[in-house]
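Assemble chain R onto chain U, guided by the hints.
Quick mapping for you: the protein sequence lines, in order, are chains U and R.
First residue of the first sequence? That's 1 in my numbering, and the numbers climb one at a time after it.
First residue of the second sequence? That's 112 in my numbering, and the numbers climb one at a time after it.
No incorrect hints appear here.
With a Cα cut of at most 25 Å, we get these calculated DSS-like pairs of lysine-lysine:
{"id": "1", "chain 1": "U", "residue 1": "K42", "chain 2": "R", "residue 2": "K189"}
{"id": "2", "chain 1": "R", "residue 1": "K168", "chain 2": "U", "residue 2": "K42"}
{"id": "3", "chain 1": "R", "residue 1": "K189", "chain 2": "R", "residue 2": "K153"}
{"id": "4", "chain 1": "R", "residue 1": "K153", "chain 2": "U", "residue 2": "K42"}
{"id": "5", "chain 1": "U", "residue 1": "K71", "chain 2": "U", "residue 2": "K56"}
{"id": "6", "chain 1": "R", "residue 1": "K153", "chain 2": "R", "residue 2": "K194"}
{"id": "7", "chain 1": "U", "residue 1": "K56", "chain 2": "U", "residue 2": "K68"}
{"id": "8", "chain 1": "R", "residue 1": "K153", "chain 2": "R", "residue 2": "K168"}
{"id": "9", "chain 1": "R", "residue 1": "K153", "chain 2": "U", "residue 2": "K68"}
{"id": "10", "chain 1": "R", "residue 1": "K153", "chain 2": "U", "residue 2": "K71"}
{"id": "11", "chain 1": "R", "residue 1": "K168", "chain 2": "R", "residue 2": "K189"}
{"id": "12", "chain 1": "R", "residue 1": "K168", "chain 2": "R", "residue 2": "K194"}
Selected chain R positions facing chain U (Cβ under 8 Å, derived; list incomplete):
{"id": "13", "residue": "K153"}
{"id": "14", "residue": "V154"}
{"id": "15", "residue": "F156"}
{"id": "16", "residue": "S159"}
{"id": "17", "residue": "E167"}
{"id": "18", "residue": "F202"}
{"id": "19", "residue": "T212"}
{"id": "20", "residue": "Q215"}
{"id": "21", "residue": "H216"}
{"id": "22", "residue": "F217"}
{"id": "23", "residue": "G218"}
{"id": "24", "residue": "D219"}
{"id": "25", "residue": "G220"}
Just so you know, the hints here were simulated from the structure itself, not pulled from any lab data.
Backbone N, C-alpha and C fix where the C-beta goes; we use that ideal spot for every residue, glycine too.
Each chain is listed here by its residues.
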Amino acid sequence: GESVGLHLPTLSVQEGDNSIINCAYSNSASDYFIWYKQESGKGPQFIIDIRSNMDKRQGQRVTVLLNKTVKHLSLQIAATQPGDSAVYFCAEALLSNQFYFGTGTSLTVIP
Amino acid sequence: EPEVTQTPSHQVTQMGQEVILRCVPISNHLYFYWYRQILGQKVEFLVSFYNNEISEKSEIFDDQFSVERPDGSNFTLKIRSTKLEDSAMYFCASSDEAASTRPQHFGDGTRLSIL
Numbered sequence: 001g002e003s004v005g006l007h008l009p010t011l012s013v014q015e016g017d018n019s020i021i022n023c024a025y026s027n028s029a030s031d032y033f034i035w036y037k038q039e040s041g042k043g044p045q046f047i048i049d050i051r052s053n054m055d056k057r058q059g060q061r062v063t064v065l066l067n068k069t070v071k072h073l074s075l076q077i078a079a080t081q082p083g084d085s086a087v088y089f090c091a092e093a094l095l096s097n098q099f100y101f102g103t104g105t106s107l108t109v110i111p
Numbered sequence: 112e113p114e115v116t117q118t119p120s121h122q123v124t125q126m127g128q129e130v131i132l133r134c135v136p137i138s139n140h141l142y143f144y145w146y147r148q149i150l151g152q153k154v155e156f157l158v159s160f161y162n163n164e165i166s167e168k169s170e171i172f173d174d175q176f177s178v179e180r181p182d183g184s185n186f187t188l189k190i191r192s193t194k195l196e197d198s199a200m201y202f203c204a205s206s207d208e209a210a211s212t213r214p215q216h217f218g219d220g221t222r223l224s225i226l
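In isolation and in its complexed conformation, chain U is listed as follows (with noise of 0.2 Å):
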């Protein structure tokens, strides 16, 4: 079955610093791949995604990286901010109409 999950389940940084997630996948056939950012109280929050055939995708201070050789995707947020603290969720679709979300690693950046 499919499974998501991540390796650290906390990351502290400095800010201004640059920060990488990281998150696992079982499923050699997800093709598509989403991360999110939830705020303590709040929903998850759309941050990036990435299809299959590509292997980097960039925004605005976040980028995605996705091996396929080793299922294993990160979010890499640059020059951290304060503003940046919270629990990140990567999210996979396989070929369905559902997400299938990681465990979440929570961020602290330290001032």
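Same frame as chain U, but now just chain R:
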């Protein structure tokens, strides 16, 4: 920017009672979803809804659960006889295309507390 809105933000219900959670998806979206998140755990898929019918559902979505789109704007989740383990955050989401092609946009959730 259009948003998914959910009401109420917090619902407290006695065990065994019925509860209806309400959602107003983004107006031009065609796909609707419910997810649940037990405190401290990951977001879990419950059901997807398209063209006025359920398109997929998870094992969590048993006979106690139902969804409805009673009019052109609302999308509801009903739990017929609530159990203690139904306590969770319930998120509604919508998208303009199928989940495998476009991101889903989430509301801020309803916190359901079963006593």
